[in-house]
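K.L.:
Chains as they are written, first to last, in my numbering: chain A, 1 to 346; chain B, 1001 to 1100; chain C, 2001 to 2173.
By construction, these hints were calculated from the structure, which means they are not laboratory data. Among these hints, one or two may not hold up.
Chain A stretches covered by chain C per the calculated footprint, using a threshold of three residues with CB under 8 Å from any CB of chain C [as the list claims (entries may be wrong)]:
hint, region
1, 113-121
2, 133-140
3, 304-314
Just so you know, even glycine gets a beta-carbon here, dropped at the ideal spot from N, CA and C.
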Amino acid sequence: MNLETFIIVSVIKIVIAIIVLLTAVAYTVWLERKVVGHIQNRWGPTRVGPFGLLQPLADGLKFIFKEDLTPPHVYKPLFIAAPMIALIFALTSISVIPIGNWVTIGSIHTPLEITDVNVGLLIVLGITSLGVYGVALAGWSSNSKYSLLGGLRASAQMVSYEVSLGLSLVGVLILTGSFNLRDIVLAQSGTFWGFIPRWNIFHGLQFVAFFVYLIAAYAETNRVPFDLPEAETELVAGYHTEYSAMKFAMFFMAEYANMITVACLASLLFLGGWNGWLFGPAWLKAILPVFWFGLRVFFFLFLYIWVRGTLPRFRYDQLMAFGWKFLLPLALANTVVTGLVVALRS
Amino acid sequence: MIPLSYYLVLSGILFTCGVLGFLIKRNIITIFMSIELMLNGVNLSFVAFAAQWHVLGGQVFVFFVMVVAAAEAAVGLAIIIAVYRTRETLNVDRIDLLKL
Amino acid sequence: MVHLILFSVFGLICIAGAVNLLVQSHPINSALSLIAVMASLAVEYMLLGAEFVAVIQVIIYAGAIMVLFVFVIMLLNAGQEERSKGSRVALLFGIPATVVGSAIGAWVLIEHSGTGNVAIGALPGPPNQIAELLFHDFLLPFEITSILILIAIMGAVVLAARPESVQHTKKEG
């Protein structure tokens, strides 16, 4: 397709992706409040709309109308820019994540992702490592000791667990031989022994890597059991202590968008992406992969929320020791064993 | 299709800004950042020439330059922290105890 | 045409970031403009076709090394920079000399460099080809750099450790 069509199609895809992602963020918050509520034997939001489904709308309106305080001695440029940085990088990583096969609408043949890059997996890792800046700069520019300590702790935690996150993906890469996310999903199509799907966690035996990835993802997104930097009983609220209204909402949205990105990546790499049972007419066959992919992402988000309602949180030194002394050697061992098995098999 | 010399000019300008920063600035950390800027300019030059002669070795060398820059940044920042702890200042002109 | 536009836009961002690093007095602003330089350099690498190097630039340089710099600036609470006699002299003579020197250098490079044109995405940059080079031809430098990083880690830990903690370990062990 020529340049103008490509630009128009890309702009449409970007708009749809942002709208879908922001709606998903809002309803992940709703899901979390309902599920954690039921785990704790209470209802969660029920008043606003049926089953509390309009609660995110009410929350959004509340954030818009709240007073946006800027404390007097903050470093203004970074104070205002830090939540924007966090949100921008959280939203950008969705641009290389494919959600389905190539579709043909009219005369346009396009993949169901914004860009199809050869190094898509590394780009997601790179944007995750850039997301540390939002947290670190927010903590420093707030000119408050709680914020500074919380920001430093949160960014040190994110940087430490990024290493294990990246290493746990090397096993999948050795099996597939490509960084392209679409190729990784295509390598997981089909079944073996008749009915077990050829996902990387079963056929590729990457369950250790899956375990390491899951734990590292919880630490990357600052969620329980690793949410010490932002727990209320700890350093007031950590790096977002001095933020109110829309800026706080931006940090909130960035955290949930990161959760969704991590869930998408886990379902692409370990659970087979959008491979699933296809049936029906041609248009249904194009939509069903998106549905299977959404099902897997929903499973991961539910797992996140389930763990939040169940586990206590780590102390900071326990957290860092766990990341460096247990998780990193485990990920390295997985890499070595996967490499050995692939080399000896071929 | 653009001439390769544009990339070389960009690389040269980055390197020059790095040298200028190294000579003008008085804060140790900013001087260190100018060194990183110089290394980046050189990296661009490597990749540009690798594209010209269709050799992949240029990219591999960029890899090694980045790794060495990372190691140097880690040790250099540790030295800066140690200097700050004893001298209580980050201004290079004040760290002159060895001067006559 | 597209190549020229993209190259100019990101080249201007690189140069603006580099000049901003020199102009700003607070080191955190210099650090942020250096991050902008590195990100736009990553785009320039992609324009040349070196996609793996571009992503590694973002992950390592902008995502790890600059995080170290920002941490140190935050921890040491660097503050505004002061002007001293030596720096004023350097500014007065250095900047005009540099501008003239780089203008001459740029003219020589553009006119007489003896290099040709390069197309967009000219270089083959898939990671498996780079990996073959790295593990076959460049294996020895690869292993040596891993030892170098190990030494750097140990050196950084020893240099940045507080003196009391070193004494504690001396008492115990």
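K.L.:
Each hint should be assessed against the structure and marked as holding or not.
P.N.:
Taking the hints in turn, this is what the structure says about them:
Counting residues of the region 113-121 of chain A whose beta carbon lies closer than 8 Å to any beta carbon of chain C gives 3, which reaches the threshold of three, so the coverage claim holds. As drawn, the region 133-140 of chain A meets chain C at 5 residues by the rule of a beta-carbon pair under 8 Å; at three or more, the given contact holds. Counting residues of the region 304-314 of chain A whose beta-carbon sits less than 8 Å from any beta-carbon of chain C gives 0, not enough to reach three: the coverage restraint is violated.
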